[in-house]
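Protein chains: 2
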Amino acid sequence: MLVGTTHPGNIGAVARAMKTMGLKRLSLVDPKRFPCAEATARAAGADDVLYEAQVFDTLPKALENCHWVVGTSARIRSLQWPELTPRECAGKAVAIAGHGSENADDQVALVFGREHSGLTNEELDHCHAVVRIPTAADYRSLNLASAVQIVTYELRTALTSTEQKPNPTGEDASDRINASDWEGFYQHLEIALQDIGYYDPAKPKRLMRRLRRLFHRAEPDRAELNILRGILSAAQKTARDDSGENSAAR
Amino acid sequence: MLVGTTHPGNIGAVARAMKTMGLKRLSLVDPKRFPCAEATARAAGADDVLYEAQVFDTLPKALENCHWVVGTSARIRSLQWPELTPRECAGKAVAIAGHGSENADDQVALVFGREHSGLTNEELDHCHAVVRIPTAADYRSLNLASAVQIVTYELRTALTSTEQKPNPTGEDASDRINASDWEGFYQHLEIALQDIGYYDPAKPKRLMRRLRRLFHRAEPDRAELNILRGILSAAQKTARDDSGENSAAR
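Respectively, the protein sequence lines represent chains A and B. Note that the first sequence ends on residue 291 in my numbering; no numbers are left out. Note that the second sequence ends on residue 291 in my numbering; no numbers are left out.
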């Protein structure tokens with residue numbers, strides 16, 4: 042998944058990089074120019090990946106139905122997300138999507154940002170983890186398609202090197218929570234924190250970002266998310282009884 | 042080391058790929074056009090690698106002083122050389138060049154062939170082993186710079202993996218939470234859940250066990266644990282105001 046790509050040639054090069062590693066589902070969020078002859082030229086024989094690429098206005102729309110979302114970042118950010126190497130990311134992605142499956146990209150989204158500025162913090166808020174590709178300290182200028190090449194190479198290596206292993210957590214796919222479950226939870230959390238007087242949305246969003254990171258790291262299943270939402274509802278009920286409010290929305 | 046490269050743009054992209062991974066010694070054997078403005082443009086900030094590149098007429102001349110020579114091949118050849126994955130190659134290259142050294146390219150040569158036809162069998166005769174980058178069976182068209190990117194990425198990973206990794210979250214030891222911090226949190230959580238009417242300690246303890254597992258997985262640091270306790274206190278305050286209780290213990 043590419044966000045805000047400026048140069049169409051890079052989109053083509055990414056399609057080629059993906060296809061050599063056996064991946065074919067490309068999503069584009071707000072590309073500057075697409076479709077474009079330059080993209081097709083650079084894709085070489087991978088133009089089928091371009092033709093089937095889906096284009097979205099916003100990242101949240103592109104992420105619907107994704108279970109695990111990984112952003113990429115070259116920068117070292119002050120407020121850090123759980124950070125993975127490409128290899129760790131690949132191992133985890135394959136475990137989540139199911140061993141031996143080539144459809145890792147059905148459920149796992151790898152999100153690559155703009156050529157110069159990467160992903161915004163708001164975009165990273167949708168990610169459960171961040172991959173950072175190790176580079177030389179004095180020259181971090183990794184080309185977009187090269188970054189995709191490295192991550193997809195690790196994915197392919199992880200897919201082909203592991204034998205069929207039982208799912209370590211034994212969880213059922215239906216237990217997994219997707220992006221819209223997460224957003225529902227965070228909206229609930231934000232309102233509940235206001236109800237108990239802990240959070241003021243007029244103040245900066247740093248608190249919500251920290252909580253997102255924290256809960257993403259915990260990787261709750263559906264039953265656990267339901268417990269958390271039950272706790273939020275109980276806290277809200279107390280707060281409502283207290284203040285005499287009676288908002289049906291809550 | 043690039044042999045018989047046709048497109049100067051690829052030479053520039055290779056320089057960039059190498060430099061991001063901390064490698065700077067590029068040798069060119071019989072390049073079709075070099076130096077060339079297109080190479081410099083594609084090198085981005087890695088033009089120093091191009092300026093310092095050495096150009097040779099033949100592969101044997103370029104390989105003088107090299108201890109271990111590895112060719113690359115996408116084809117599956119009938120007469121096979123010892124075949125390595127990029128990862129195996131990187132491990133061996135680092136072992137030969139000496140751990141912790143960034144000068145693996147002083148003694149180890151990685152030889153990449155022509156864009157379309159690769160290396161000839163005569164050229165492979167000079168190699169001690171061959172690296173084959175795993176690709177999808179139906180599309181092996183790996184770009185030259187992408188191939189270099191993958192192999193140099195593995196080299197960098199092999200070089201840095203033995204070194205002490207910096208703490209990824211940059212956290213200080215004093216930020217880590219210990220067993221008594223955890224117990225304080227869980228006691229607080231249990232009381233708060235009773236206060237908001239969500240938890241009845243007369244019933245089995247399964248809920249608390251699930252929550253323990255969930256929060257342990259999140260691996261919060263001290264600041265995050267303080268946020269969680271702040272939320273619990275806010276919920277308790279709402280509950281206390283509601284019920285008119287005034288327990289000093291809370």
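Calculated directly from the structure, the hints in this document are not laboratory data. Mixed in with the good hints, there may be bad ones.
The list treats identical chains as interchangeable, and a pair is accepted whether it falls inside one copy or across any two copies.
[Stated by the list, open to error] For lysine to any residue, the following SDA-like pairs were computed, each having C-alpha atoms within a straight-line distance of at most 25 angstroms:
hint, residue 1, residue 2
1, K278, G238
2, K65, G45
3, K278, F97
4, K244, E79
5, K133, H257
6, K65, S274
7, K133, T47
Quantities reported herein were computed from a predicted structural model and do not represent experimental measurements.
Query raised in the report: Looking back at the hints listed earlier, which ones does the structure fail to meet?
Result: 3, 4, 6 and 7
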